[in-house]
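Just need the whole structure built from these sequences, with the hints factored in.
Next come the chains, spelled out residue by residue.
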Amino acid sequence: MVKRNVVGAHYGLRDWIAQRATAVYMVLYSVIFVLVSLAIPSEHLSLRAVLTAPCMRFLTLLFFLTLCYHAWIGVRDIFMDYVKPLGLRLALHVAAILVLIGYAAWAAKILLLLGA
Amino acid sequence: MSQSTAGASSGKPKARPKYLDLRQLSMDQPIPAVVSIMHRISGAALFLFLPFLLCMLEREAFIAATAASLGVIAKLLLLALLFAYVYHFCAGIRFLLLDKHIGVEREAARLSAKIVLGASVVLTLLIGVKVW
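Chains as they are written, first to last, in our numbering: chain Z, 1 to 116; chain C, 1 to 132.
If you're looking for bench data, these hints aren't it; they were derived computationally from the structure.
Do not rely on the hints blindly, as some may be mistaken.
DSBU-like mimics (lysine-lysine), calculated; alpha carbons at most 35 Å apart, straight line [as the list claims (entries may be wrong)]:
no. : chain 1 : residue 1 : chain 2 : residue 2
1   : Z       : Lys84     : C       : Lys130
2   : Z       : Lys3      : C       : Lys14
3   : Z       : Lys109    : C       : Lys18
4   : Z       : Lys84     : C       : Lys114
Since the structure is predicted, the reported quantities are computational estimates derived from the model, not experimental observations.
As structure tokens, then:
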């Protein structure tokens, strides 16, 4: 017999770190977003102008990807806390993963087709 | 842990861990608890309305329609989601600081909870005025 200590998959700590790392990035992005908005003269100011400023398309794409990852950990925690039937919980987890991947692709499409 | 073993050795009934059903707790809670549950609610709201926000982004990006041209209901919804984002942002920074063991004492935690509530309202109004 192989003696094993069952200690879990350690995904708890990994997700804990990921949730905070993505949060820090989103805080930085939010500050950059506000600074870029303030730097654009008000007569030219639009969401489009902010998003097409140098580097902003890449930073915004990264923002939406981190947001979806962050949201996944958040809604998973909510389902784990409040949804007790295992089948329903798993179904909700799958649904959350699918819609979040869809949202990430949707955001990427918007940003790529934004034009210069 | 140590409580239950002490209880068992002295022959008294064990002080069992109490199961708190979060669904049955009232909102009559200390401010840090209110900030915590509002952080969760705002996060859930942002997740649920993410498709709405992406629609808004798509609309602005391609039709170049501004937020000022929105209908009243869309404007109110956007303002509520702006508050949810700003609030989640402020409360999130507070939790990051708590993770770093900054401000964990009771008085400091109560003060920072009040600051989170006040700052998120002020920031929402500032951004709202700037956008509209």
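Kindly indicate which numbered hints from before are broken by the structure, ordering the numbers from low to high. 1, 3
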